[in-house]
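Protein chains: 2
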Amino acid sequence: MNKVYIAGVGQTPVSESWDKSLKELAGDAGLMAIDDAGIGYPDALFVGNMMAITANRQAQLATLMADWLGFHQKPAISIETACSSGAAAFRMALMSIASGELESALVIGAEKMTDSPGNEITASLATAADAELEADFGLSFVGLNALLMRRYMYEYGWEHANFANFSINAHANAAHNPYARFQQPITPESFKHSPMISDPINLMDASPVSDGAAAIVLSARPIQNGRKIVSVIASSAMTDTLSLQNRKVGTKLTAAETSAKAAYAQAGLSPVDMGLFEYHDAFSIMAALSLEAAGFADPGQGPQLAIDGKIKFDSDIPVATMGGLKARGHPVGATGIYQLVEATLQLQQRAGATQVRRPKYALTQNIGGSGSNIITHILQAE
Amino acid sequence: MNKVYIAGVGQTPVSESWDKSLKELAGDAGLMAIDDAGIGYPDALFVGNMMAITANRQAQLATLMADWLGFHQKPAISIETACSSGAAAFRMALMSIASGELESALVIGAEKMTDSPGNEITASLATAADAELEADFGLSFVGLNALLMRRYMYEYGWEHANFANFSINAHANAAHNPYARFQQPITPESFKHSPMISDPINLMDASPVSDGAAAIVLSARPIQNGRKIVSVIASSAMTDTLSLQNRKVGTKLTAAETSAKAAYAQAGLSPVDMGLFEYHDAFSIMAALSLEAAGFADPGQGPQLAIDGKIKFDSDIPVATMGGLKARGHPVGATGIYQLVEATLQLQQRAGATQVRRPKYALTQNIGGSGSNIITHILQAE
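Protein chains in written order, with numbering that gives the first Met the number 0: chain Z, 0 to 381; chain F, 0 to 381.
Hints in this document: simulated from the structure, not taken from any laboratory. Ideal Cβ placement from N, Cα and C applies to all residues, glycine included. Fair warning: there could be bad hints in the mix.
As the list claims (entries may be wrong) - Away from chain Z, derived, C-beta distances all over 12 Å, residues of chain F:
id, residue
1, Asn48
2, Glu79
3, Ala87
4, Arg90
5, Arg149
6, Gly156
7, Pro177
8, Met195
9, Glu256
10, Val271
11, Lys359
What the hints assert, rightly or not - Simulated crosslink set (DSBU-like; lysine-lysine; CA at most 30 Å straight-line):
id, chain 1, residue 1, chain 2, residue 2
12, Z, Lys191, Z, Lys309
13, F, Lys260, F, Lys2
14, Z, Lys2, F, Lys2
15, Z, Lys359, Z, Lys311
16, Z, Lys359, Z, Lys2
17, F, Lys359, F, Lys2
18, Z, Lys19, F, Lys247
19, F, Lys260, F, Lys227
20, Z, Lys247, F, Lys19
Please work from the sequences and hints to get the whole structure.
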């Protein structure tokens, strides 16, 4: 497949946005990325979004964004794979450029979740689970992750407190990110005493319902604009059973592992080559499982990396370097693009206080459902 | 761009389905296409769908279908552009194969609309309009098309009865299609006296809310299985303003025209070369506007083609050869794939009683919103 390059990036602060609508947030991010790239308007628009049709009563968000941004008479397509919609849209743009059909594309990931009352947003999020086998029986999305975490703790003998460092690390990094939802550090004490949501998941295990948009301009050619050139050297998508109950091994993200292995093979690289890993820490259990699936820890040993401090931005395998889903925030359809934007900023050494030490290769992994739809990318600083 | 081939097709009857769920309908169509292609399981799955998240409480439908069909550890992505979601998914599969990433792909278009009460499905359909500028003020989707039809009749001096032959032709063709929702002919009298929905649109101007799924296997290589080889020689996507009120010319589908012209240019062909046109006759006004946009009639002259009988399956420009949206039915996210399946059957001379006379090139055009997101393809019998 032809190589594709990241020409520019943009992001809005992740927040509870009362002054900007979904299209304004997505538009702001898109215009920032176009400005950052400096190559004019791209050939086409791709939008990653999960729940505009329920949370904002708007289908064909890509068409609305093409209209709002002035992509007159250009292609615009929305892509949806629940919480991995952002990276899935990025992958579709990648394919369309690699095919020769497009020279360039704007990819926007956007979600505005806070316009819906609490029950409605919980119902919207539950559509990421299997309707017939899970959601119809009253399982919420956090409930599913709670079952998974409980089983993992039982299998491997971990205590709840052993997961604290995932969230502490995320908040510590987010403290330096002006685009993060939560910019204050947390402590083992505040982790321990935060309100219970769905036992054993408490508030500090969980990423927040948020509004936000991030965007990337992709190009068939490297763009010389004084910054490090960043290319996409691997893209891999894999699915697992939608319902947790049908998995052969419930405490392992099999599709995430398969997808990571395929990405490493495409790039000719291995986990030790990665300078950072933007992982999908929607819940602290997902942080542990992601590290294991991507080859950084043996099964059941993810929490040890956090306990040992190896996930810090200046350590072995930096994760959530700008706050991750936990502290930057998790506007679901936007998250995959936030991850890719942050990986790009790291590789271009534009990451400020949490700049990683080896900005050569970055791994990003976006997870839809409870490990059901995985999109993995590897970026390279040329 | 590398040429891509249609290896197999499948479709379920369009109906009000009480005995099959969305995933069963989509699965049936997918398995039929896999069986028709005879090349085993494709490399990846693409799903076109608009409203599973509202009508069936299920996001990431592609993941569910990969799970249901046994696409273990393979990529699966959902694509949404309102009523053109089917053709948009087809286009994304096309790009992914043309890029070299995939050798083959299964594309399913699926929608199950009849599980929702009347008000809910009307609300779901209204999300295809601009939420802030149209739907929030109470405009339903049929209401928007009624405004468009009223203006068109005023501008060009047509009477309502002048649109009858679009629907009469669709029903006449559907009478020979066992997969069509309505297999009985209609007359000028029944057209005239059908119940009013939104003046001037009556029941016989409108395509029915339906359940259905259709599927296609695409391949990087021509498949020799005793049938005519069909290839995709043009794919073009274009957008217009989402709201009708922002169009410079309200009575013209500008993006459909631009998209058709781009497709003709890619194929090196013109309207007279087309042996059939599977158009997007969601309403009879859309039938007229589509014929004009695709170059078969001058602005305002679409109805004359129907009046003169030139749209019949054995005449100049056969349309809706198996019933179209009007009589085969319009399960929105599935429609674009039904169009491509029917075009393929025509080019392979598998169309039975309504077989067209020149099965060499087929034009398909799928329209999302009120002419907002257009996906055009040209297929060729090799």
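The hints, checked one at a time:
{"no.": "1", "hint": "Asn48", "result": "9 Å, violated"}
{"no.": "2", "hint": "Glu79", "result": "5 Å, violated"}
{"no.": "3", "hint": "Ala87", "result": "5 Å, violated"}
{"no.": "4", "hint": "Arg90", "result": "7 Å, violated"}
{"no.": "5", "hint": "Arg149", "result": "23 Å, holds"}
{"no.": "6", "hint": "Gly156", "result": "29 Å, holds"}
{"no.": "7", "hint": "Pro177", "result": "29 Å, holds"}
{"no.": "8", "hint": "Met195", "result": "26 Å, holds"}
{"no.": "9", "hint": "Glu256", "result": "9 Å, violated"}
{"no.": "10", "hint": "Val271", "result": "24 Å, holds"}
{"no.": "11", "hint": "Lys359", "result": "24 Å, holds"}
{"no.": "12", "hint": "Z:Lys191 with Z:Lys309", "result": "21 Å, holds"}
{"no.": "13", "hint": "F:Lys260 with F:Lys2", "result": "19 Å, holds"}
{"no.": "14", "hint": "Z:Lys2 with F:Lys2", "result": "20 Å, holds"}
{"no.": "15", "hint": "Z:Lys359 with Z:Lys311", "result": "17 Å, holds"}
{"no.": "16", "hint": "Z:Lys359 with Z:Lys2", "result": "16 Å, holds"}
{"no.": "17", "hint": "F:Lys359 with F:Lys2", "result": "16 Å, holds"}
{"no.": "18", "hint": "Z:Lys19 with F:Lys247", "result": "27 Å, holds"}
{"no.": "19", "hint": "F:Lys260 with F:Lys227", "result": "26 Å, holds"}
{"no.": "20", "hint": "Z:Lys247 with F:Lys19", "result": "27 Å, holds"}
Comparing the model with each numbered hint stated earlier shows that hints 1, 2, 3, 4 and 9 do not hold.
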